[in-house]
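J.: Same order as they appear, the protein sequences are chains A and B. Taking this note's numbering, the leading residue of the first sequence gets 8, the next gets one more, and so forth. Taking this note's numbering, the leading residue of the second sequence gets 8, the next gets one more, and so forth.
One should not assume that every hint holds.
Stretches of chain A that chain B covers, calculated by requiring three or more beta carbons in the stretch to come under 8 Å of a beta carbon on chain B [to be verified]:
#1 12 to 21
#2 27 to 37
#3 108 to 121
Think of the hints as simulated: they come from the structure by calculation, not from any bench. We treat Cβ as the ideally placed atom computed from N, Cα and C, and that holds for glycine.
There are 2 protein chains.
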Amino acid sequence: MSPLYVVGAGPGDPKLLTLKALELLQEADVVAYGDLVPEDIVALAKGAARVRIGQRREEHERAVEALIEEAREKRVVVLKNGDPTIFGRGLEICRKAEARGVPCEVVPGVSSFTAAAALHRIELTDGKELRHVALLAYPHFGPDVVSNIRADTLVIFMMGNKLVEVANALRETCPSGEVYICINVSRGGSCRRATIEELPSYAGQRPALIIVRRCWRPDPAK
Amino acid sequence: MSPLYVVGAGPGDPKLLTLKALELLQEADVVAYGDLVPEDIVALAKGAARVRIGQRREEHERAVEALIEEAREKRVVVLKNGDPTIFGRGLEICRKAEARGVPCEVVPGVSSFTAAAALHRIELTDGKELRHVALLAYPHFGPDVVSNIRADTLVIFMMGNKLVEVANALRETCPSGEVYICINVSRGGSCRRATIEELPSYAGQRPALIIVRRCWRPDPAK
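Extracted from the complex, chain A is given alone in its bound form (with noise of 0.2 Å):
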């Protein structure tokens, strides 16, 4: 039996796939995607039938667990926006599979935060105040847990549907921070800066990558 292959589809530039990610896709009989992962690159996939994997919890359970019984007689691949591994449950998928005995392996890709980081030219960290970044995601995030998080860049992954919340946040813990909202990074779209006020603007703009450099706590002493 081969493996179930959870597999990391990059930004969306078809060219930041990886080597293997591009050689899974011409091999499979079966291509899974999300929303998210961009047609040119399902397209890749040429011998595939394509199954669309819903937004929602039970969607995607449901999909998954089709994919995991198809994968007893097929060659599936299951393309994750991004890399599997930083909020994409593509662990869990291989630990589902794997419960019922198909073999599963996670496949590593570029992750969208250092794709807007490259390709936008924003320097997460500097060897010098910034020091350290810390990632976060809708729904895990609120005021409380962005004031816990001392990083000095805080880059936020969310749908672009709570962006008041997030301009909430932000305005109690890191007010003087540098904000960036990011849309479509490696696919002709941009990283903006933005002040907190006007975050809530860009709702509906989906997916968005926040990044906040020099999210500093008021000093308590001023």
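Could you slot chain B onto chain A? The hints should help.
T.: For chain B alone, kept in the frame of chain A given last:
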């Protein structure tokens, strides 16, 4: 003038290079690389002259200056282990090049920490107890930094030469964290579960990546 390219070489396995990286290597006149980039990746730049870049800051800076000058006439690729924007000074090289009128691009790559998570099955986040990840690197790291960053999962990028300090910091701030030490993750290496006390015994095995899950402070009420 073609741009100077600063390219993520990924975690070590040549199959985890991006299609873009392979293409740039195949077209390169000059390929520059540090100690951590494996020989079989450098060898993909078949026609290229090779430049080995030293680890020390002065050597690195001298080499970068020479490469920027060469990029005026030749296609130069600078390979960076993993992704060039995660503690990789990738954007710093481009800033210097552009300051001298040489165009420059950074090509993201698969980072070694997501490769460790994918290949060695270490869930960085689980959507429940593990809600966020913090990325740290030596030398910008110490007990004070670790105790300030309250992320559920910590990833420490390092050279394997400060393990006593790491152990001290972890003992103070998350004594019951699940610690893994990862070496050569995509080239037959391993991520081993270790106790905090065992960490110093791995000294000298570089590069090392330390992943700590459930880095929670002891509850002061108890």
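J.: Failing hints, ascending?
T.: Every hint satisfied by this model.
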